[in-house]
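Chemist: Each chain, letter by letter, is given below.
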Amino acid sequence: MKGLLVKDLRIAAEQKTLLALMLFCALICLFTMRDPTFVIGYMCLICATLGSTTCAYDEMNKGMSFIMTLPYSRKVYVFEKYLFSLMMGLGAWVLSTILATACMFILKKPIGAEYFSTVFMFLSPIFLIPGVMIPIILKFGHARSRIALFIIVGIVLALGGILSLVGSVNIGMGNYFFDAGEVYGMIRVIPMRDIAAIITIITILFFVASMMLSLALIKKKEY
Amino acid sequence: MKIIINNSSMVPIYVQIIQQIKAQIADCSLKDNEALPSVRALSKDLNISALTVKKAYDELEADGFVTTVHGKGTYVNGNNSEFIKENRLKEVEDEIRTAIEKADNYAIPREQVREMFEMLIED
Amino acid sequence: MIKIDGLKKEYSDFKLDISVEFENGTINGIVGTNGAGKSTLFKAILGLISYKEGVITINDKNVRDFKYDDKERIGCVMTDSFFSETFSIKDIAAIMKATYKSFNRDAFIKKCEEHKLPLNKKIRDFSNGMKAKAKVLCALSIDTDVLILDEPTVGLDIIARDEILSEIRDYMEENENRIVLISSHISSDIEKLCDTTYMINDGKIVFHDDTDRLLGDYAALKVDEDSFEKLDKSHIMAYKKEKYGYECLTNEKEYYSENYPSMVIEKMTVDEMMMIIIKGEKV
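Chains as they are written, first to last, in the working numbering: chain A, 1 to 223; chain B, 1001 to 1123; chain C, 2001 to 2283.
Calculated directly from the structure, the hints in this document are not laboratory data.
Do not rely on the hints blindly, as some may be mistaken.
[Unchecked claim] Here are a few chain C residues that face chain B, going by a calculated C-beta distance under 7 Å:
{"no.": "1", "residue": "MET2172"}
{"no.": "2", "residue": "GLU2173"}
{"no.": "3", "residue": "ARG2178"}
{"no.": "4", "residue": "ASP2195"}
{"no.": "5", "residue": "HIS2208"}
{"no.": "6", "residue": "ASP2212"}
{"no.": "7", "residue": "GLY2216"}
[Said to hold, decoys possible] Per label pair, the in silico range of CB-to-CB distance:
{"no.": "8", "chain 1": "A", "residue 1": "MET1", "chain 2": "C", "residue 2": "LYS2282", "range": "46 to 54 Å"}
{"no.": "9", "chain 1": "C", "residue 1": "SER2019", "chain 2": "B", "residue 2": "ASP1123", "range": "53 to 61 Å"}
{"no.": "10", "chain 1": "C", "residue 1": "ILE2159", "chain 2": "B", "residue 2": "ARG1110", "range": "57 to 65 Å"}
{"no.": "11", "chain 1": "C", "residue 1": "LYS2282", "chain 2": "B", "residue 2": "ARG1110", "range": "41 to 49 Å"}
{"no.": "12", "chain 1": "C", "residue 1": "ASN2128", "chain 2": "A", "residue 2": "PHE116", "range": "43 to 51 Å"}
{"no.": "13", "chain 1": "C", "residue 1": "LYS2122", "chain 2": "A", "residue 2": "ILE111", "range": "44 to 52 Å"}
{"no.": "14", "chain 1": "C", "residue 1": "GLU2242", "chain 2": "A", "residue 2": "MET1", "range": "55 to 63 Å"}
{"no.": "15", "chain 1": "A", "residue 1": "ILE151", "chain 2": "C", "residue 2": "ASN2059", "range": "23 to 31 Å"}
{"no.": "16", "chain 1": "C", "residue 1": "ASN2059", "chain 2": "B", "residue 2": "ALA1035", "range": "49 to 57 Å"}
{"no.": "17", "chain 1": "C", "residue 1": "TYR2068", "chain 2": "B", "residue 2": "LYS1090", "range": "53 to 61 Å"}
{"no.": "18", "chain 1": "C", "residue 1": "ILE2159", "chain 2": "B", "residue 2": "ILE1108", "range": "52 to 60 Å"}
[Claimed, not checked] Stretches of chain C that chain A covers, calculated by requiring three or more beta carbons in the stretch to come under 8 Å of a beta carbon on chain A:
{"no.": "19", "segment": "2015–2021"}
{"no.": "20", "segment": "2266–2276"}
C-beta atoms are modelled at their ideal positions from N, C-alpha and C, and glycine is treated no differently.
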């Protein structure tokens, strides 16, 4: 898998302008916004797409045909994509958490269960985004995958909105007002921490299921 | 070893190679026991397929001019000059015989053929 | 040896049906019109497409059972597919090094420099000729038993083509057991390089012979209508109606030059032979 990782790391390195800009904005946000946790969400969202970006690069210009002639089996190819996505996503998550925590510390904000729940909440896009994007690119190619990306972002924002109703946590994207109903009243009772755990577990399972799907998709594909 | 191939000649390429190697053996520019270039090397120099060179070498070996040692290469046989002379005589003889046969086929009388021959040989 | 036994693949517009063996130590040329099945054949060998019928083995191992170590021993150049164009030669070298144990980075870089390929520029900024060279040098930079080249010289000028053919010859010289399969539309490439030439049309191998026989014993006979009627057709493979009469393909040039001394007999390129076989009639 090493060769594939080297290839994908180089593709990620290609995005250096984007990543540098991201870091720059993140740092600015850290010190101008009142809620440092925004940075975690921001960096995680962007880095969660790196894995599927490499899929898109591979697929461009009919490149997949050549890649499939490399000695790696199709299974290894898929597995590496998910592994790489995890590496990038978790890396971003750890880094951004460190930055945000440092900032919280400096700003003398409370670092407690609520804070950590929010932090853990941002693990979900790391599993969700590659989970959705990778099979789509494998099946449909990178062109149609863009539409899928917009849909995902929409879902994440919506989720954010729902969560902000449930707890008192401002996840930095503003408060959304929904015509909630009693269902939300029930969810309101469950502590934030547990919701974060549930969502994280669901997205991890989704991630694994996605990998199974991708493995099945690539088996049939003709290049 | 210099070989020049004429691509537009009607003579097949491997025959041209054979002829030129034989000529070089005859005039001693290729010495007894000297190594010929490898099949691949010669095919590269001449820009032709290796199989063509191999055919030429195989035929030269069958005719007794060279010997191929598996894994080492192809070498000119010793004592070739006499052999070549004899071979060449035979070649010319065969050509003359063919001309005579053809004349017979076309019902050209032998006397006329002899006259033709005398005339040509005067040139 | 590459053995293709009863390979059958169906597409909506044509069917591939091929059985052929390629011996060790040979450079094999595959010619045919676009869409005839050349690339499909290569893709089947490389495991890129599926096929319901047929067995493909390389040195007696079924390609379907190939593991990493086996696949490492196959090099290939595809017409329209390579590493991502955002990579530079150096990026490619790094990826190759991490992928193939036999990859020699210094030799690869040196060859690229010899062929004047910039090491740090992105492949997308290369000219067509440079891209083609990069693909071939990359495939040649690893120790392989089989090299499959799908139109490696397309779009190249004569000098670049010559250089690439030379590299392929060197590759064969290093190891006499290697096999090269090369497809090309450029007759002269095939004629200069290949030991055997196969012609594929409509998914089938319609004919094949040693290249030197193709160049030496095959010829075109140009005859008018009357002469065609009387012509001894025992060594005619195919013929095509022309304005002056008929153009016939023979594989026994000597026979006709001896028996019909006044006949117009011309050498043919592989392309021209292909035209007669595909567009003409069989005897």
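Chemist: Hint by hint, note whether the structure agrees.
Modeler: Now for the hints, and whether the structure bears them out:
Look at MET2172/C: its Cβ gets to within about 6 Å of chain B, closer than 7 Å, so that hint holds up. Interface restraint check for GLU2173/C: the shortest CB-CB distance to chain B comes to about 4 Å, inside 7 Å, so the restraint holds. Taking 7 Å as the C-beta cut-off, the interface hint given for ARG2178/C is violated, the closest approach to chain B being about 11 Å. With a cut of 7 Å, the hint placing ASP2195/C at the interface with chain B holds, because the nearest CB-to-CB distance is about 4 Å.
A distance limit of 7 Å between C-beta atoms decides the matter here; for HIS2208/C the minimum to chain B is near 13 Å, and the interface restraint is violated. With a cut of 7 Å, the hint placing ASP2212/C at the interface with chain B holds, because the nearest CB-to-CB distance is about 4 Å. The interface hint given for GLY2216/C is met, as the beta carbon of that residue sits about 3 Å from the closest beta carbon of chain B, less than 7 Å. The beta-carbon spacing between MET1/A and LYS2282/C, approximately 53 Å, falls within the hinted interval of 46 to 54 Å.
At about 57 Å, the beta-carbon gap between SER2019/C and ASP1123/B stays in the expected band of 53 to 61 Å. At about 58 Å, the beta-carbon gap between ILE2159/C and ARG1110/B stays in the expected band of 57 to 65 Å. The hint said 41 to 49 Å for the Cβ distance between LYS2282/C and ARG1110/B, and at roughly 44 Å that hint holds. Our hint of 43 to 51 Å for ASN2128/C and PHE116/A is violated, since their Cβ atoms are close to 56 Å apart.
Between LYS2122/C and ILE111/A the beta carbon distance is about 45 Å. The supplied range of 44 to 52 Å therefore holds. For GLU2242/C and MET1/A, the Cβ-Cβ distance of about 60 Å falls inside the hinted range of 55 to 63 Å, so the restraint holds. For the pair ILE151/A and ASN2059/C, the supplied restraint of 23 to 31 Å is violated, since their beta-carbon distance comes to about 49 Å. Take ASN2059/C and ALA1035/B: their Cβ atoms lie about 31 Å apart, and the range 49 to 57 Å is violated.
One distance hint, 53 to 61 Å for the beta-carbon pair TYR2068/C and LYS1090/B, holds here, with the actual separation near 60 Å. About 54 Å separates the C-beta atoms of ILE2159/C and ILE1108/B, a value consistent with the hinted range of 52 to 60 Å. Remark: the segment 2015–2021 of chain C is not confirmed as covered by chain A, as 0 of its residues place a Cβ nearer than 8 Å to a Cβ of that chain, below the required three. For the segment 2266–2276 of chain C, the assignment as covered by chain A is violated, since 0 residues bring a beta-carbon within under 8 Å of that chain's beta-carbons and 3 are needed.
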